[in-house]
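Asker: For reference, the chains in residue letters:
2 protein chains.
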Amino acid sequence: MEALWLAVGSVAAALTTLGFVPQVIKMWRTKSVGDLSALTFAQFFAGVTLWTFYGFHLGDPVVLVSNFVMLGNLLVAIVLFARYRRRGPG
Amino acid sequence: MEALWLAVGSVAAALTTLGFVPQVIKMWRTKSVGDLSALTFAQFFAGVTLWTFYGFHLGDPVVLVSNFVMLGNLLVAIVLFARYRRRGPG
Numbered sequence: 000m001e002a003l004w005l006a007v008g009s010v011a012a013a014l015t016t017l018g019f020v021p022q023v024i025k026m027w028r029t030k031s032v033g034d035l036s037a038l039t040f041a042q043f044f045a046g047v048t049l050w051t052f053y054g055f056h057l058g059d060p061v062v063l064v065s066n067f068v069m070l071g072n073l074l075v076a077i078v079l080f081a082r083y084r085r086r087g088p089g
Numbered sequence: 000m001e002a003l004w005l006a007v008g009s010v011a012a013a014l015t016t017l018g019f020v021p022q023v024i025k026m027w028r029t030k031s032v033g034d035l036s037a038l039t040f041a042q043f044f045a046g047v048t049l050w051t052f053y054g055f056h057l058g059d060p061v062v063l064v065s066n067f068v069m070l071g072n073l074l075v076a077i078v079l080f081a082r083y084r085r086r087g088p089g
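Quick mapping for you: the protein sequence lines, in order, are chains A and B. Residue 89 in numbering that gives the first Met the number 0 sits at position 90 of the first sequence, with consecutive numbering throughout. Residue 61 in numbering that gives the first Met the number 0 sits at position 62 of the second sequence, with consecutive numbering throughout.
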């Protein structure tokens, strides 16, 4: 039973850690970001940065690594967002 | 010092739990969702659902409540996304 819960937690962590991957792929393909919220990216970036520090403090490799991976993904998202927003209409 | 880390963890949790709030407000205002990734919403929805179960299993109120709140926010995002996508171009 404990193995099942470990699987639930692991799948949960994988899904949310890589949650912005499809969005990054879509930004890259369409080069269109007008409907995306800059504040949502900023908020996740600040939050996941603090989570990474907190994971380091806890000494918990799952919290540390999953947030660090998500932070890398968010950085790519924010760079693409800044780049394509300038090209957008208006 | 422990109070500082508790603050770091709490602010981190608040930022990511409410991370999609600005995106939901933007969707509501612009009624335009063409640049958003359906897969990112689906992935977060599945992941945060599992996190909620996992928090229940752990008996950890922070994991449980923050994921439950985020789930509500994601539900609103998915309903708005489905509603406005139909109205979009094409």
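It should be emphasised that the hints constitute simulated quantities derived from the structure, not laboratory data. Any given hint might turn out to be false.
Stated by the list, open to error - Restraint-style ranges between C-beta atoms, simulated for each label pair:
1. Trp27/B - Phe55/A: 33 to 41 Å
2. Ser31/B - Val64/A: 18 to 26 Å
3. Val64/A - Ala2/B: 20 to 28 Å
4. Leu57/A - Arg82/B: 18 to 26 Å
5. Arg82/A - Val10/B: 39 to 47 Å
6. Val64/B - Ser9/A: 20 to 28 Å
7. Ala41/B - Ala6/A: 16 to 24 Å
8. Leu3/A - Trp27/B: 21 to 29 Å
9. Val78/B - Arg85/A: 13 to 21 Å
10. Ser31/B - Arg82/A: 32 to 40 Å
As the list claims (entries may be wrong) - Interface residues of chain A toward chain B, partial, derived using beta-carbon atoms under 10 Å:
11. Val47
12. Val64
13. Ala81
Ideal Cβ placement from N, Cα and C applies to all residues, glycine included.
Asker: Of all the hints given earlier, name the ones this structure violates by number, lowest first.
Answerer: Numbers 2, 4, 5, 8, 9, 10, 12, 13 - these are the hints that the structure violates, sorted from lowest upward.
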